[in-house]
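Q: For reference, the chains in residue letters:
Number of protein chains: 2
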Amino acid sequence: MGIVITAFERSPDGGKGLARDTRVRWALEETGKPYDVRLVSFEAMKAPPHIALQPFGQIPTYEEDGLVLFETGSIVLYLAERHAGLFPTDTDARARAISWMFAAVNTIEPPILDLVTVRIIEGDRPWAAERLPLVADRIRNRFKQLSARLGDSEWLDGDFSAGDLMMASVLLRARPSGILDEFPALAAYVARAEARPAYQRAFAAQLAINAPASSAG
Amino acid sequence: MGIVITAFERSPDGGKGLARDTRVRWALEETGKPYDVRLVSFEAMKAPPHIALQPFGQIPTYEEDGLVLFETGSIVLYLAERHAGLFPTDTDARARAISWMFAAVNTIEPPILDLVTVRIIEGDRPWAAERLPLVADRIRNRFKQLSARLGDSEWLDGDFSAGDLMMASVLLRARPSGILDEFPALAAYVARAEARPAYQRAFAAQLAINAPASSAG
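Residue numbers (my numbering), protein chains in the order written: chain A, 1 to 217; chain B, 1001 to 1217.
Treat the hints with care, since some could be wrong.
Computed beta-carbon distance windows for the label pairs [claimed, not checked]:
#1 B:1121 with A:148: 19 to 29 angstroms
#2 B:1134 with A:13: 45 to 55 angstroms
#3 A:130 with B:1084: 26 to 36 angstroms
#4 A:90 with B:1002: 13 to 23 angstroms
For the chain B half of the interface with chain A, some residues (derived, Cβ under 10 angstroms), not all of them [unchecked claim]:
#5 1033
#6 1035
#7 1037
#8 1057
#9 1107
#10 1145
Quick partial rundown of chain B residues pointing at chain A, CB under 8 angstroms, derived from the structure [unchecked claim]:
#11 1039
#12 1042
#13 1071
#14 1073
#15 1074
#16 1092
#17 1098
#18 1131
#19 1146
#20 1149
#21 1183
Source of the hints: derived by calculation from the structure; they are not laboratory data.
Every residue gets a Cβ at the ideal spot worked out from N, C-alpha and C, and that includes glycine.
Modelling step: build the complete structure from the supplied sequences, incorporating the hints.
A: See the structure below:
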């Protein structure tokens, strides 16, 4: 059996590539590994067979020869360790790339996901409108720090790595809010990431499942 | 030069061990590596010399022979890969331990940190009291899923690993709210982690800096 990942049967973003399976597809494309996708419905994600693979009822999961992994950071790291293309060969540079992977999911992503809380989960609450600018400013604070570190470099630390893959994927989620484009260096960094052929293939693969045309069928 | 980490000159928690340097101290103690600590003030954390080490102005950082790392997950993983005591030898089990490390910081920690947002950062806002139970319920939802997966096992996947170190450290942050103790299996899991001699040494080391007696001096 080869590699099998799970993805939304129908992504809430309608194919914008913001669902987390895109990160794993991208890593697989960078490393040139073929894979199959098993689509899961929202109901199936909460049922015992999927919970056995992913204790929090999320996608994606990663299965290969009896191994089951979850959390995109962990899956991308697993691929990066085993196949060329996502980690530098220098051991110190590799450790620093892992620092950026954790910074993406633990320092940059949480304030961005708070946009979902204030707009959707708590979107009908009386405080939503007043809270939105506070949430946006917390994102801006992190983006300012990240942009200062990036400077005019192409990637965060030397060549493109799994750290950039995770960081660009997380930053993408802030684009619909307009906040990403307030930071031209970060917007250009994300655009460089999106221009990579491996990203394009990953994006096209998820779009083929989630495009409005197919979801209307 | 040996290992040097940074920690708060004075931790906001007054020595409860919730600051993130405790996680790194704990990992160092589990692996038996000696280390030095450089304390940084809140002002110094935002100044260029520290930002050069940690782009987001946080603690801890990790320095060893010219290598600089940040993000506790990354530092703990680095130590776990190089020294016995934090990762299983089986490669699949090691990959699964890394899934738990990412789950700790990306799935379990964000809703817990939202308690700081609602109580402190937005504590004076008119919506704080009404928002608190929503935040608490999001934590309970994750704790229910995590407790279901843990079942009556001692640790999350086989022997104690860096995955447990990160997860127990994150869960600890929910104890002051009372929510951890609503889940007896998780509270017992954290108690087992705290009972480890390496955790006790790490806790004592941070307490020696942050205890009320010394901070009054």
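Q: Hints first: check each against the structure and report whether it holds.
A: Now for the hints, and whether the structure bears them out:
no.: 1; hint: B:1121 with A:148: 19 to 29 angstroms; in the structure: holds, 22 angstroms
no.: 2; hint: B:1134 with A:13: 45 to 55 angstroms; in the structure: violated, 23 angstroms
no.: 3; hint: A:130 with B:1084: 26 to 36 angstroms; in the structure: violated, 52 angstroms
no.: 4; hint: A:90 with B:1002: 13 to 23 angstroms; in the structure: holds, 21 angstroms
no.: 5; hint: 1033; in the structure: violated, 15 angstroms
no.: 6; hint: 1035; in the structure: violated, 16 angstroms
no.: 7; hint: 1037; in the structure: violated, 19 angstroms
no.: 8; hint: 1057; in the structure: holds, 7 angstroms
no.: 9; hint: 1107; in the structure: holds, 6 angstroms
no.: 10; hint: 1145; in the structure: holds, 5 angstroms
no.: 11; hint: 1039; in the structure: violated, 21 angstroms
no.: 12; hint: 1042; in the structure: violated, 15 angstroms
no.: 13; hint: 1071; in the structure: holds, 4 angstroms
no.: 14; hint: 1073; in the structure: holds, 4 angstroms
no.: 15; hint: 1074; in the structure: holds, 4 angstroms
no.: 16; hint: 1092; in the structure: holds, 5 angstroms
no.: 17; hint: 1098; in the structure: holds, 5 angstroms
no.: 18; hint: 1131; in the structure: holds, 7 angstroms
no.: 19; hint: 1146; in the structure: holds, 7 angstroms
no.: 20; hint: 1149; in the structure: holds, 4 angstroms
no.: 21; hint: 1183; in the structure: violated, 14 angstroms
When the structure is compared with the earlier hints, violations turn up for hints 2, 3, 5, 6, 7, 11, 12, 21 and for no others.
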